[in-house]
Amino acid sequence: MIADRIIEQGTLTTVDGRTAVEVRIPWYRALPGSCIAGAALTVDGVAAPAESLRWTMNERTFSFDELVDRTDEWWFPLDSAVLSGELAVDDPQAEHEVRVDLKLYIPYIITDHGVLHIEEHDTKTMKAAQR
Amino acid sequence: MTSPGTPIQGVTLYSFTRAFHARQYDLDSLIRKVAADGFGPGLEIIGFSSLRGFPDHIDDNFVGHFRDLVAEVDLVPTSLAVNVDTGLRRDRLMNHDELVEYMRKQIEVAARLGFPIARVQISLTPDAMESLLPVAEQYGVTLALEVHADQHGAHERILALRDRYEKLNSPLLGFTADWGATVTGFAPSLLEAYRRRGASEELLAQLVDLWNGFYAEGPPNTQKVHGERFGAFIGLAARNGRPDLGIDFAINGTGLFGPAPLDTWLEIMPWVRHVHGKFFGIDETGEEPSVPVRGLVRQLVENGYSGAISSEYEGWHWNNWQDPFDIIRGEQAVQRSAAADAGSTMVTDPAEARRILNSHLAQPVRG
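Residue numbers (UniProt numbering), protein chains in the order written: chain A, 1 to 131; chain B, 1 to 367.
Check before you lean on any hint, since a few could be wrong.
[Unchecked claim] Just the calculated beta-carbon pair ranges, DEER-fashion: (1) B:Val208 / A:Asp69: 44 to 50 Å; (2) A:Ala40 / B:Arg52: 25 to 31 Å; (3) A:Thr56 / B:Asp127: 39 to 45 Å; (4) B:Thr345 / A:Asp79: 39 to 45 Å; (5) B:Gln363 / A:Ala40: 51 to 57 Å; (6) B:Pro188 / A:Glu51: 46 to 52 Å; (7) B:Val225 / A:Arg18: 46 to 52 Å.
For the record, the hints were derived by calculation from the structure and aren't laboratory data.
Because the structure is a prediction, the values reported are computed rather than measured.
Glycine included, each C-beta is placed from N, C-alpha and C at the ideal position.
Starting from the given sequences, assemble the full structure and let the hints guide the process.
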């Protein structure tokens, strides 16, 4: 839908082996945590291990296992969430290729194959801030 | 003979999703922009798009602020679009009681904000609509189930709802007619977007031929036929070496550009309480090239429809090179011209719009 806006330009940060980037919803309406079904964070072709990924929204941080039950915590279309994972990014002066993959369930579209899900991704190049 | 209808001009903020999402406007400034540019008087919003904390955390301060703002800029709230999120949980679909309560909370917000209509969606069965009638009565809100491609006015699921409405005989149960169900061509602006993604002219010509073939065959009356068409778009993309475009072709070709004839709306016309003036673009001649806006407005006028038409621009999905505000301005000019051609007028005066909308919604559906 608006996948080109998933990654917020210039928001890549890395500290002590964990790397994070701000992400926007590629959809027109709010979705709850239970519909944020998965993500991947890849920098310069190296993906953060899936079990290390964390999702922060509304100033609360969740693992993806924890998001499954969160029908009460919503990602509003104007808000940036933060996707982070264990990933070392060296050389902060260099440009890094950041890729984010998102899998979202669309809870009001029920198909013959179950609840519709969409898979969107975005790639942007930016420097990493080290904090 | 039915006296000519006088539809009320309006817009849904969904048309401006790209600008809102980009934080160019917040809710207040977007509402002010709608009023200042004359896109009203009708105002429709989507709860889950525009309202932070919807529906559980809409406090009285916000409600007061919203009502004051709408009054100040002299817009007329028409419909709050609410969502039937049956698939909210990962382990199972909502059960009947959970769904009724989920909808009740949203309908309550519609009433508090001053929207006389809540747009609901196709996942609601006739039984669910019957269960929601006491909720509609409690809050005085009309429930207008959206008839959206890939359904249409003569689809089996819609006719089942209509038959239940007829039995229940309440003015609070009806439909939102979405013009995307009765489209006459694959939107040229979407073809241009595919061109910009490297699709060949040969592929685009085949895409148009495939859609035109479905248009000639008529709309899908069952989910099975819908599924077969969905698959045909995916197959076309794959055969042409562009499998990456297949899902996009299929979703848009079946879910946005519904090929039903205009007269399918006559099956449900007495129950149409609200209209989504869905469209995809305005061409260099000032016309909508793939949605028969003139015929649709004429049909509403001739059938005595005096509810709101929310202009709903959906080309923003792919069109990032034209200004959505200019496009809405162009489409509403076509609507006004069409109403005049049909011997009537689009209502643009807020006071008259309030009076006519109240009368439209208070009438028995058979009235």
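For each hint, the structure was consulted:
no.: 1; hint: B:Val208 / A:Asp69: 44 to 50 Å; result: holds, 46 Å
no.: 2; hint: A:Ala40 / B:Arg52: 25 to 31 Å; result: holds, 28 Å
no.: 3; hint: A:Thr56 / B:Asp127: 39 to 45 Å; result: holds, 41 Å
no.: 4; hint: B:Thr345 / A:Asp79: 39 to 45 Å; result: holds, 42 Å
no.: 5; hint: B:Gln363 / A:Ala40: 51 to 57 Å; result: holds, 54 Å
no.: 6; hint: B:Pro188 / A:Glu51: 46 to 52 Å; result: holds, 47 Å
no.: 7; hint: B:Val225 / A:Arg18: 46 to 52 Å; result: holds, 51 Å
Taken one by one, the earlier hints all hold for this structure without exception.
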